[in-house]
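Student: The chain contents come next:
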Amino acid sequence: MAGDVVDLLAGMALFADLQRPQLESVAHTFDEEMFSEGQRIIRQGFQGSNFYVILEGEAAVRVDGSELATLGRGDFFGEVSVLLGEPPTADIVALRSMRCLVLAGGDVAEFLVSQPRVMLRMLQAEARRLRATIEWRS
Amino acid sequence: MAQLDDRPFPPGRYPLVVLGSGPGALQLSHSLSRLGVEHAVLSEDERSGGMFRRFPFFQRLISWSKPFAVVKRGTRWYERFDWNSLVSDDPNLQALVPGFMDGTSYFPSRAEMQRGLEAFAERGHIRVRYRCRWESTRREDDGTFTVHTGDGDYRCSTLVVAVGMTEPWKPPDIEGMADTPHYVETEAPETYADRRVFVIGKRNSGFEIADGLLPWARQIVLASPRPARLSILVRSVAAARARYLQPYEDHVLGGGTFVLDAAIERVERLGEGYRVHATGTTVPGSMVLDVDRVIAATGFGTPLRDLPDLGVQTFFQGRLPSQTPFWESPGAPGIFFAGSITQGSIGLKKYGRPSGSAAVHGFRYNARTLAGHLARTRFGIERPEHYLEPDQVVDFLCQEMARGPELWHQQAYLARVVSFAPDRGIVDDGILPLQHFVDEGGQDAVAATVETGEHGEIRPAVYVRQGGRVTERLLDGDPMHDFATAEHRKQLSAALEPFL
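As given, the protein sequences belong to chains B and H, one line each in that order. Under the numbering used here, the first residue of the first sequence is numbered 1, with each subsequent residue one higher. Under the numbering used here, the first residue of the second sequence is numbered 1001, with each subsequent residue one higher.
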């Protein structure tokens, strides 16, 4: 895969602990996809969704049409439904042209086990999201 | 004395121009003609067939055509078992490739495939202006396109690019790749006799080269950063196909072939041979290998020429154009794609499985669906409506899910759509992209398709759109893939209960 993807990955918190050969492996393990403005990437209630990392662009998180959050470069999504084996509870919609890396849902667990530093980073990110949700509700 | 040019389509103005003469272009041209859409087809090649005029290098395909199947050859249901013929509702053009196969394999040889494509073009009276090179493209103020060719200018309102992923591609960030031969530069097998051969890439072209050189090379090493993905394990045609797995077995049994997970850092000339520097990925560590020959089996890109200047966006290192569900460039409306390039329209990609659009068995249906879309939306040609009675719907859809070649070859990508509009009745809307159905809204309708689930189970699925909201209903599979049992009819009837 082109070096620009590896360089982009190197600048992301999720992959910050990986050396360049591991980053290259990650870049080849994921596929690259483009989404145009308004395109749905993950569909609420549909099984078989995947895990995404945003390389460029922005996306909205929408539940039953209501926008809850915005995601940008370096953010990831889809991991909750993939890890729980359940359909996604939200739509993810491109707010403008987006470039993402995508990993098949069924490959996520094996990938995380093979890259424990990425798994730790993901766990930290999930902890921050949980804390933000608790603070918002309290 | 000047010779008369008897080629069709002299430069001028046409409603639609198709670029290419491979299977994607032939299928599209034929389907457009059946719908009465006037168009010109231009190709820089000498004859039809595209990449199949030269590849696969070792002269046999990886997709099968079964001369004998459980359904009659030449019927629509038979297309499910014949992955290589172009498709038509004209009986004279159906299932042509098996007719040229000599019985030595159910994988056609390259020559048999080429003969099948040429016969389709000839018997189907598909006219192509050959030896006409597309050089540049311009968008005019009125929104039309001017296609500049070696023969002159062509003006059109709709342009379909079907030139295939035909441009040899090598990773630009690996030092020394410029001097490394690409797959297309592979030489006769005997020239690799008693040589150490390093193949960069572990997809089908890499394994094809390794498989073909097993009787010749002294040692073969295949390497790329990602572990090899095997079709029989990941249950996807996008992975390395079983036909080429002998080098992998040689590797796992310690036979002397190596299949490595390594990032290639540098390829340098060393006397008559090469020195390859790499770093292990799944097993860390540096490695330096001295070999006699290196082959970059690193794939192909799309020769888009100046289309990015017109707004065509690309991804996959610029190798594929981004596309809508109807294979149109989002950034350059009016420019569409056909053939293997349509793999750039990703679809739902459920369970991570790509569409079959990279190969004939998938993109032949994209082309036919595109022809219908272009006829309807750009030329006002509507196909005759096919009405269904309420008591016909369940049986019709069950048969489609059990046998429909479009649904089997383009799983979770194309769907059979039936709409339920109070003012129109129940209408078979034909084969449409599933992504378009679930994301674009519309009247009450159902889309039926076939899917392969997370654990490899093949099953029917329906998407029910009611009041603008689409819900997914996965039906049970069946050990013999019979999706028209009483239980399937019962499940489908329950899903369609709001409409019937």
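No lab work stands behind these hints: they were computed from the structure. Keep in mind it's a predicted model, so treat the numbers as computed, not measured. Treat the hints with caution; some may be incorrect.
[Unchecked claim] Short, incomplete list of chain B residues facing chain H, as computed with Cβ under 10 Å:
hint, residue
1, Ala-16
2, Gln-22
3, Val-26
4, Ser-36
5, Glu-37
6, Leu-103
7, Ser-114
8, Pro-116
[As the list claims (entries may be wrong)] Chain B side only, calculated, beta carbon under 7 Å to chain H, not exhaustive:
hint, residue
9, Leu-18
10, Glu-32
11, Arg-40
12, Gln-44
13, Gly-48
14, Asn-50
15, Phe-76
Glycine included, C-beta positions come from ideal geometry on N, C-alpha and C.
Student: Please check whether Gly-48/B passes as an interface residue: C-beta within 7 Å of a C-beta belonging to chain H.
Tutor: OK, holds: Gly-48/B within 7 Å of chain H, min 3 Å.
Student: For the hint on Ser-114/B, does the least C-beta distance to chain H fall short of 10 Å?
Tutor: This hint holds: Ser-114/B lies near chain H, its Cβ roughly 7 Å from the closest one there, short of 10 Å.
Student: Interface hint check: Ser-36/B, Cβ to nearest Cβ on chain H, cutoff 10 Å. Holds or violated?
Tutor: Check passed: Cβ of Ser-36/B comes within 4 Å of chain H, closer than 10 Å.
Student: Could you check if Leu-18/B really has its C-beta closer than 7 Å to a C-beta on chain H?
Tutor: violated (11 Å)
Student: Would the hint on Glu-32/B stand, with a C-beta cut-off of 7 Å toward chain H?
Tutor: holds (5 Å)
Student: Are Ala-16/B and chain H close enough, Cβ to Cβ, to be under 10 Å, as the hint says?
Tutor: Violated - the Cβ of Ala-16/B stays beyond 10 Å from chain H, reaching only about 18 Å at its closest.
Student: Is the shortest C-beta separation between Val-26/B and chain H less than 10 Å?
Tutor: holds (9 Å)
Student: So, Phe-76/B near chain H? Judge it on the closest CB pair being under 7 Å.
Tutor: Cβ of Phe-76/B sits 15 Å from chain H, so the hint is violated.
Student: Under 10 Å, Cβ to Cβ, is where Leu-103/B needs to be relative to chain H, so tell me if that hint holds or is violated.
Tutor: With a closest approach of 7 Å, the Leu-103/B hint holds.
Student: Quick check on the hint: Pro-116/B CB to chain H CB, less than 10 Å?
Tutor: violated (14 Å)
Student: Under 10 Å is the threshold here; is the Cβ of Glu-37/B close enough to any Cβ of chain H for the hint to stand?
Tutor: This interface hint holds because 8 Å falls under the 10 Å limit.
Student: Would you check whether Arg-40/B satisfies its interface hint, that is, whether its CB is within less than 7 Å of any CB in chain H?
Tutor: Constraint on Arg-40/B satisfied, holds at 5 Å.
Of the numbered hints given earlier, the model fails hints 1, 8, 9, 12 and 15; all others are met.
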